[in-house]
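Chemist: For reference, the chains in residue letters:
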Amino acid sequence: MAESSPTTNAPELSVTELSSALKRTIEDRFGYVRVRGEVSNYRGPHSSGHAYFSLKDQGARIDAVVWKGVFARLRVRPEEGMEVIATGKITTFPGKSAYQIVIEAMEPAGIGALMALLEARRVKLAAEGLFDAGRKQLLPYLPSVIGVVTSPTGAVIRDILHRLADRFPVHVLVWPVRVQGETSAAEVANAIAGFNALEPDGAIPRPDVLIIARGGGSLEDLWSFNEEIVARAAAESLIPLVSAIGHETDWTLIDHIADVRAPTPTAAAELSVPVRAELLANLADLDARRRGAILRVAERARASLRASARALPSGEAILAVPRQRLDRASAALAASARAGFDRRAIALERLSRRLVARSPQALLASAVARQKGAARSFARAVALDRERRREQLARVAARLTAALAARSRFDVQQLARTAQAQIRLRRALQGAITQRRARLAAAAQFLNAVSYRNVLKRGFALVRDGEGTPLRNAAAIGAGQPIRIEFADGEVTATAHGRARPDSINPLTKSPTASRPAKAAKREPSGGQGSLF
Amino acid sequence: MTDTPADIAKLPFEAALAELEAIVEKLEKGAVALEESIKIYERGEALKAHCDKLLKNAEMRIEKITLSADGKPKGTEPLDAG
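For the protein sequence lines, the chains are C and G, in the order given. For the first sequence, counting from 1, position 289 maps to 289 in the numbering used here; every step adds exactly one. To convert a position in the second sequence, counted from 1, into the numbering used here, add 1000.
With the rest of the complex left out, here is chain C:
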């Protein structure tokens, strides 16, 4: 340090000299600059009319001032946070060691900045409810006057007028405005308010619908229609409003507020009026239908009248039934009158007959008659009684006689019957004895015929064992067995020798068999045959 200071030959400057030198240098060097930055610390114009704020970016900031005269001419007013490109010069304040930019002109820094600004306004107005669907007014179906806010020259108004003429000829009022530039927004807002201020029946007719139109352009060109004054004038319009700003893809603030947003000016004309030819056709069609319908109504009425007329009965037919009833009733009236008369005549006749019957002469006559009748019937009764008794007596006498006769007849019969019985008894006894005798003889004869003794007489003998039991077979006789042999003339006892020889004794064995009944028969006679007889 000590070494360097003596070697310098730089002149010494006062602060003022330095500051003045800096001022000159800077203002010469930066007499005209364009600087891009964000508006900061902006609080609106000062009461003096000048505006003070800063421009900044990420790394630095610079004070900025807009003098009153310049501020009024700015196309875009500075807003806090707005990215701008400012044109101006740099000046310094030597007394403060400060510098600043004096802005001569300012514009938004590109589309992005404008879009951001537009978005901020849109959000703000939306928050106020100016875009609400409920605020939208319906367009009149058939407006008689249409107000158009646009430039009176150029393609836009021509397009609108042509399309209106094609669809529906109408009274058009054009409110001429500039559609871009510094005064544009104020003129458009004034036009909208001015149309609304017209008296409905004034010298200038009040439009039924407004069209706010502008042809296509850049965002900056359309910027007037993004201004808040235009948006608010549109929102306050009591006349239904159609907006048609730029091309279909361009959306401006007024498009959000308008009752109907048309994509193009031509479309705005189409939305504003119907097609007259179509209406005429529609009307003609309706009228034809109306005529046809009334004809059908009449035809239906006529048909039902005809049907009713057919169904209506003739006068004769209507009267027939009542007339018949009348006839029948009058006939019945005569008949019933006559019947009533007859009935009364009969009743009278009956009464008079009863009256006659109750007269004194009649009563006397009937009493006499009754008395005579009673006497006659008494005599008849006496005679009758006498006769009845006589008959009874005769009947009893007859029965008595008959009974006596019957009794004697019975006795005779009984005697005869007894005698007969005796005879029959005797005969029966005799018959029985004779019969039994004959049977006895027959039996004796038979017995005799079959007796084994007859066999014995023919030379045969009967062999028995010791106990007297007849022996039939030679085999039944054992050797040495005692046997008894009976012959016709008597019996011998013997003893058997040896065994039987089948062949020789065969005839013998038959014989006892044949004689067996005879043996039984023989015993019986020996038992007491004689005692039977």
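These aren't lab readings, by the way, just hints derived from the structure by calculation. Here a beta-carbon is modelled for each residue, glycine too, at the ideal position from N, C-alpha and C. Be aware that a few hints might be false.
[To be verified] What follows is a list of derived Cβ distance ranges for each label pair:
id, chain 1, residue 1, chain 2, residue 2, range
1, C, HIS247, G, ALA1031, 46 to 56 Å
2, C, ALA197, G, PRO1012, 20 to 30 Å
3, G, ALA1015, C, ALA197, 25 to 35 Å
4, C, ALA197, G, GLU1014, 19 to 29 Å
Mind docking chain G on chain C? Use the hints.
Modeler: Structure of chain G alone, referenced to chain C:
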């Protein structure tokens, strides 16, 4: 019949057309009595005539607002938009 044409004359086109449509529909349904049918038929006639007049009398008229210095409308003049 009971409605005078005067009340129809004040009707906007759209209202007159809507009423005419309603009348035609009613007649076509045939649900109205004959007398009523004739009545509304005649009203339909008047409505149709009114609509016709509104449509056929329309003519193109193009005017420009003339403004005073303070931006207020002074009057109109014909506009030739070319």
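Chemist: For each hint, tell me whether it holds in the structure or not.
Modeler: Now the hints, each set against the structure:
1. C/HIS247 to G/ALA1031: 46 to 56 Å: Given about 52 Å between the Cβ atoms, the range holds.
2. C/ALA197 to G/PRO1012: 20 to 30 Å: About 23 Å separates the Cβ atoms of C/ALA197 and G/PRO1012, which means 20 to 30 Å holds.
3. G/ALA1015 to C/ALA197: 25 to 35 Å: The hint (25 to 35 Å, Cβ to Cβ) holds, given that G/ALA1015 and C/ALA197 are roughly 27 Å apart.
4. C/ALA197 to G/GLU1014: 19 to 29 Å: This hint holds: roughly 26 Å between Cβ atoms.
Hint compliance for this structure: no hint is broken.
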